[in-house]
Amino acid sequence: MARETYTIGQLSKLSGLPVKTIRFYSDVGVLPEQSRTPAGYRVYGESDLARLELVRTLRDIGVDLATIRSLGERDLRQVLALHLRTVETQLKALQRTRAVLRATLDRGDTSEADLRRLNTLGRIGAAEREAMMDSFVAEVGGGIRAREQWLTRLREAMVPELPAEPTVEQLDAWLELAELLSDDDYRTSLRRQSDDFWQRRERDGEPGQTSWDETNEAVTEMVLAALDEGVEPGSAAAGPILDRVVSLLATMHGETDGPEFRRSLSRGYEEHDPRAVRHWELVAAIQNTPWPHPQTLAHAWIAEALRLNLP
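So the sequence shown is numbered by this note's numbering: it starts at 1379 and just counts up by one.
Just so you know, the hints here were simulated from the structure itself, not pulled from any lab data.
Incorrect hints may appear among the rest.
Stated by the list, open to error - Think about it this way: if two alpha-carbon atoms lie no more than 20 Å apart in a straight line, the pair counts; the simulated SDA-like pairs of lysine to any residue are: (1) Lys1470 / Arg1480; (2) Lys1398 / Arg1434; (3) Lys1398 / Pro1410; (4) Lys1470 / Val1661; (5) Lys1398 / Asp1512; (6) Lys1391 / Pro1410; (7) Lys1391 / Ala1428.
No experiment lies behind these values; they were computed from the predicted model shown.
Using the sequences provided together with the hints, build the complete structure.
Here is the structure:
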């Protein structure tokens, strides 16, 4: 006789999805638990197991959580269209596995690292990737709507798709990136570092992301021009450039340029989590684009110029 209820751990074993993912789906209303035990543990039913498989399939093909929450009856054409997208997603996963196998065989010697790579790749599909990014946006966003919207716009850039025929180096970069984005300490660090900026934007009703994008573009262009001219951060020629850069950054932060703001800005650069730089370095490796990015070079120059010119 089929059992009627499951704990979240049992549901995890049956579905193959991590407990953390199932808990997140429940919290956002995609998979509400049927009830809770007197001790507060979630209880699920047979229908929830089937629902979880549907959720996983829909996430695999890129259906967003809001759509899944409102999912109703669908006609045959819609179901077939969804199934086609599922098959296409599965083909992409098989292509990635083929690329790993081919690269491993071409190299000759098989190592434990190759086996770990295959095992991890098999466990991180499109559904897991989407769930990872959903929880990343929710945790780093920290309930600040403007920051969550910014992260949502960036999510595709933060975890790019692998090419159809990825190299082993690209696969390793992607797997390291997935591990980094799942790191609770990294998520907490990113949230804390940006709290002041986004809380001010939320409180004052200012277009935080627009102002950041425009300011970042302007200061990057300004500093890259200085770099092209060979201006060193500690040189006399750096002073006027730094003044213009800091003035723009102060305006963006709703502050006034001065010794206190410059010390605060310098501390921010010093305390910037190096894992964030590694994050974008991994993205560049996956996309096979030049590294470091122009913005990375520009902000490294600003950080050094501030350090050398603090009052």
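Unmet hints by their number, sorted upward, for this structure | Checked against the structure, no hint fails, so every one of them is satisfied.
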